[in-house]
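Student: Sequence:
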Amino acid sequence: MIKIKQAKREEQMAGEGIQSIREMLRRSAAYHGDNEALVDERYRYTYAEMIDKVQRTAALLHSLGVRKGDRVALMMLPSANHPLALFGAIELGAIPVALHIRESDETVVELLNRLSPRVLVYDVSLERRVAELAP
Numbered sequence: 148m149i150k151i152k153q154a155k156r157e158e159q160m161a162g163e164g165i166q167s168i169r170e171m172l173r174r175s176a177a178y179h180g181d182n183e184a185l186v187d188e189r190y191r192y193t194y195a196e197m198i199d200k201v202q203r204t205a206a207l208l209h210s211l212g213v214r215k216g217d218r219v220a221l222m223m224l225p226s227a228n229h230p231l232a233l234f235g236a237i238e239l240g241a242i243p244v245a246l247h248i249r250e251s252d253e254t255v256v257e258l259l260n261r262l263s264p265r266v267l268v269y270d271v272s273l274e275r276r277v278a279e280l281a282p
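Per our numbering, the sequence shown starts with residue 148, numbered consecutively.
Hints listed in this document are in silico derivations from the structure and should not be mistaken for laboratory results. Glycine residues also receive a C-beta, built at the ideal position from the N, C-alpha and C atoms. Some hints here could point you the wrong way.
Said to hold, decoys possible - With beta-carbon atoms standing in for the labels, derived distance ranges:
id	residue 1	residue 2	range
1	A245	R214	16 to 24 angstroms
2	R261	Y190	16 to 24 angstroms
3	R191	N260	21 to 29 angstroms
4	A177	K215	38 to 46 angstroms
5	R249	A281	16 to 24 angstroms
6	V256	G180	21 to 29 angstroms
7	V256	D181	13 to 21 angstroms
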């Protein structure tokens, strides 16, 4: 019986015409709020916790001057924080741009100059590298 209920929920979700990633996140939180959504070595977030953190990230980005259409560069290690930053930018209507941490410093600087992001979100472990890249 549980499997039938879950199948109906997923059919209902799919049938409601999700139009964006933002809607998908909200509906996932509504239907699966207590289920785990993001897990890494340090963190375990349910869908409800994830949507809360995404909204907090969006608010933080907004407080830093990020607006709809602005680019937000992400230079992050694989972790639960990466999708939170990505979805936080999307929640705000900004354009997230992931920079691969293995790119050379020269390439990262070139990309940042070309992209002109409003902010660069990075892992604390990359702080020294980012400081050296900043003009």
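Student: Hint by hint, say whether it matches the structure.
Tutor: Outcome of the hint check:
no. : hint                             : in the structure
1   : A245 to R214: 16 to 24 angstroms : holds, 20 angstroms
2   : R261 to Y190: 16 to 24 angstroms : violated, 33 angstroms
3   : R191 to N260: 21 to 29 angstroms : violated, 38 angstroms
4   : A177 to K215: 38 to 46 angstroms : violated, 24 angstroms
5   : R249 to A281: 16 to 24 angstroms : holds, 19 angstroms
6   : V256 to G180: 21 to 29 angstroms : violated, 42 angstroms
7   : V256 to D181: 13 to 21 angstroms : violated, 44 angstroms
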